[in-house]
Amino acid sequence: MFDNLSEKLDKALHVLKGHGSITEVNVAETLKEVRRALLDADVNFKIAKEFTNTVKEKALGQNVLTTLQPGQLMVKLVKDELTELMGGDAEGINLSGNPSIILMSGLQGSGKTTFSGKLANFLKTKKAKKPLLVACDVYRPAAINQLHVVGDQIGVEVFSDEGNKNPVQIAQNAIAHAKQNGHNVVIIDTAGRLAVDEEMMNEISNVYKAVDPQETLFVVDAMTGQDAVNTAKAFNDRLNFDGVVLTKLDGDTRGGAAISIKSVVNKPIKFIGTGEKMDAIDVFYPNRMADRILGM
Amino acid sequence: AGKSKVDDEVLDNLEEILVASDVGVNTTLKIIERIEARVAKDKYLGTDELNLILREEIAGLLSEIETGEETEFVTPSDKKPYVIMVVGVNGVGKTTTIGKLAYQFKKAGKSVVLGAADTFRAAAIDQLQIWADRAQVPIVKQSMGSDPASVAFDTLQSAVKQNADVVIIDTAGRLHNKVNLMNELTKVKRVMQKVVPDAPHEVLLILDGSTGQNAFEQAKQFTAATEVTALAVTKLDGTAKGGVVIGISDQFQIPVKYIGVGEGMEHLQVFNKFEFIDSFFK
Ligand SMILES: Nc1nc2c(ncn2[C@@H]2O[C@H](COP(=O)(O)OP(=O)(O)OP(=O)(O)O)[C@@H](O)[C@H]2O)c(=O)[nH]1
Ligand SMILES: Nc1nc2c(ncn2[C@@H]2O[C@H](COP(=O)(O)OP(=O)(O)OP(=O)(O)O)[C@@H](O)[C@H]2O)c(=O)[nH]1
Ligand SMILES: [K+]
Ligand SMILES: [Mg+2]
Ligand SMILES: [Mg+2]
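Quick note, the sequences are listed as chains A and B, same order. So the first sequence is residues 1 to 296, counted in the numbering used here. So the second sequence is residues 297 to 578, counted in the numbering used here.
So here's chain B without its partners, still in its complex pose (with noise of 0.2 Å):
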């Protein structure tokens, strides 16, 4: 015997976790129609098997590259050097996931060049120099105040002089309601074109994980304005689970590709859908 049906008490215990995790009314509302059509279709279910359904059908709304597994960025060699921007709304880990990046690509023995186009925050330029010391990449600079597209340029003819496999362009922080400084970014990206005419090759978003709803703005604007390609998840070290992420992937059919899981060099991981879905039941 056993049921047929999953009942009211199993889906609302598992809306209730789901918005919890920050995913979102819609998108709760999304995952359970979806393990109620298929419960509908499959006669029999015990535990376990809901456990796999569940997995699978917020899985399913996580985008993914066509190829599926990989996750981490890959940098062909075709093009050299491979430029990254990274964008994001004010304190959400940009300098510092661009410090664990750069360390990573490093390790893997690639040649990485950083630039450092936050020209605006108090001491960013010094916080990324010293990413760039402990990665041990070079970094390229100008003062504070002086013109972040200009920065990205500079940066851009060096990786090319010095035949660099990578370059990671830091973006000052900025909230995706401002239109000015959401067209300075616009900006940077064309501005860098003059070099590598098909860069940036990656643009990453980066999501704090203890944000609520207001990330889908995020990346709705940040999308708009720059044409993300990729999303990064930080500080879920801590309680908070990043849930809205799924709904986000879901929309804009952008994959996430790393989480930030502390503040020191190696903490940073490549995405891996499970075991996400798997830390909002923990």
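Just chain A, same shape as in the assembly (with noise of 0.2 Å):
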């Protein structure tokens, strides 16, 4: 469906054969080249736009008589851009708590379970962590047992009340437990819920306040497209995350929900999800990733 980027913005670019340097006029249709391969993307329309800007404005003046074609050239410059942006310090994740406390928030059906579960595997059989997950969603159908299966699949502990509705006391008492039995990190899935639902967003807000984690995770969806700006904002309202979790990428999506999100709230892309195994879980590569939005 999508044609090289590069390809186009050589095709764009050819007016600028005969020039010596990019200007405002002949750079304008190779930005409208870029702009669409964002928007094919995903990327949010306001941020292509935004970001078109800032690549024209680099772009302005550069010297096209240089070894570099004048695509290549501005498919750098793309590229360089994409990537700083979606950059920054990946610090990992803090585990300075004793126990470390690490809360899921996500839309439904964005990978929070399955995420809670690799998150899990990862610290017991790389970190040498003693995890402790625990089922904070008392709505969907089967979840308790959903996350159940999951521990039993890596043989790590799950923390459940079937009873209890309210989990703010369930995340609680997780933690009263697992200071009792010794283990070092509480990974505290929630309910998928919907920004606009504020009573769900008031409750997960009151876990957050009551728990005081050390690592709120935002997990996405990589094929989300153009609201991925306002759910990650609001979600960043009422929990001032600490980082994104992007899944599902084994699929062909290209992924450009991660610009929009980072753009939105700045904060740093610390995992992805590339299956749905229990070991397809991989820290974030900037690079790769501005790959993958240009088609490249």
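One should not assume that every hint holds.
As the list claims (entries may be wrong) - Straight-line Cα separation of at most 25 Å, BS3-like style, residue types lysine-lysine; simulated pairs:
| # | chain 1 | residue 1 | chain 2 | residue 2 |
| --- | --- | --- | --- | --- |
| 1 | A | K277 | A | K233 |
| 2 | B | K326 | B | K337 |
| 3 | B | K326 | A | K49 |
| 4 | B | K326 | A | K46 |
| 5 | A | K46 | B | K474 |
| 6 | B | K474 | A | K277 |
| 7 | A | K11 | B | K326 |
| 8 | B | K326 | A | K32 |
| 9 | A | K49 | B | K578 |
| 10 | A | K8 | B | K337 |
| 11 | A | K58 | A | K76 |
| 12 | A | K233 | A | K267 |
| 13 | A | K277 | B | K326 |
| 14 | A | K56 | A | K46 |
| 15 | A | K233 | B | K578 |
| 16 | A | K127 | A | K277 |
It is worth saying that the hints were derived from the structure and are not from the lab.
Could you use the hints to bring the two separately framed chains together as a complex?
What follows is the structure, encoded as structure tokens:
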């Protein structure tokens, strides 16, 4: 469905060949192609506009008579700018607490429960931690069961309280349980919720205040479209989250939501999900993501 | 007097609204061209007329069954049981939509059997069981890890024996670029035909309303593997608009039948294209 951006830019920049430098006029067509590529990749339209303006500023006045083709020069500019935008200090996750509390948040079906398992497995096998998974989704049919199955798969204990409908209490009881039983990481799975659902946003905000997590992670589906900015902003306003998890990147989505979210909340993308199995977790590489978004 | 041309500002504004609703650049440009053509033909245009044209042109892209207005599933009496297979990528709302559909059919006086052919995801069977209990319909299931085609086969046999009106088969979420998993769907379909030769009568592709342009590829690959006959768009109770289905419906000629507007049993609505289009402008 998507053509290679580099080819498109070379075509659009054909007009540049006779000129010595990039000017406002001759770069317009190229920027249109860049914007189009970003929109096709689901980058939010406002952010795509801002982005192309930044690239324009950087491109203006650049000498084209270098060893690079003008198209390649533009591609490099765009790629570097994207990489920088999505990068920044990726600090890893904060495990300084005793126990360290990690709170999951996000929309319905984004991959929170699966990622909770993956993270527990990662911390257990790679960081020699003793995690506890906590079932605070009291709504979704069989959500608690799902987390138990996941816990069994990776040999990690799951704390649940089947009759209890109060996530704040469950989380607090779980932390007490963790302290008594030597768990040094507590991962709290929560129900999916829409940012416009005031009651549910209050609920997670109350969990957040009650447990004071070292890490609050916003889990988002990489296939998300234009709405990613609204959702990320709304969750960040309530939870001031520490990082983003981008799931389902084993698909063929371009994943432009990554740029939108980073631009809007300026929080690092810490992990990616690359499959349904418990080992399908990776750290985030901004340069790979830039290539992916540009279809290269 | 009045203007005979829509000015650029109006069109730019429209373009922005459509792109922000995930309609996608291609389809957006197509819509704008159609409006420009209409405007060039019709002489006088006020804002109201423009809005009308806009709705008409967008609605024209949304495929519909021959008869037009009726969009929900009709279950002809000569197709008994009427078999609906539900497919889609991970986490879009397949199982939930099945629960809601089962409830609707039940309420309409039909007998329904659910088939738990997602034997892969943790607690997927338990989740469907809870929905079956809520809707008060029977479910056919095996244990986690068993062959989904075998579950589908059992479900159809059981439905035939019970003389049930409707069968709805849940399947595991799968990304459309995974060839083995897509082949598995083709197999589930084939095995069902050993019991009911023209099954499935409907293949319902569920699309998450917050998904962007990747939904195109989903529609393409699921159609290639299973011949999708209908679409449902979920999670439209949030701020996402789901506009990508316009281009999908247009390109693949598949009607949108339902929308999901919540997590409750009654949160399934028959698709109304004008309400859908109007939601972009709110
Ligand atoms: N292919 C793929 N599937 C994933 C990934 N992460 C999660 N999934 C699948 O996505 C679906 C939803 O995942 P869950 O972990 O249940 O999502 P959730 O956010 O907990 O959902 P709710 O609790 O309903 O809000 C399941 O089918 C998972 O197997 C991933 O990285 N790749
Ligand atoms: N707000 C809202 N949530 C929905 C809607 N439909 C489904 N959900 C939620 O989305 C999440 C995923 O729904 P499921 O029905 O499990 O999705 P699925 O496609 O069966 O997922 P897998 O089987 O894991 O691929 C659950 O938390 C549902 O409650 C809807 O229309 N609105
Ligand atoms: K919506
Ligand atoms: Mg969950
Ligand atoms: Mg399911």
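Run the structure past the numbered hints and jot down the numbers of the failing ones, going up.
1, 5, 10 and 13
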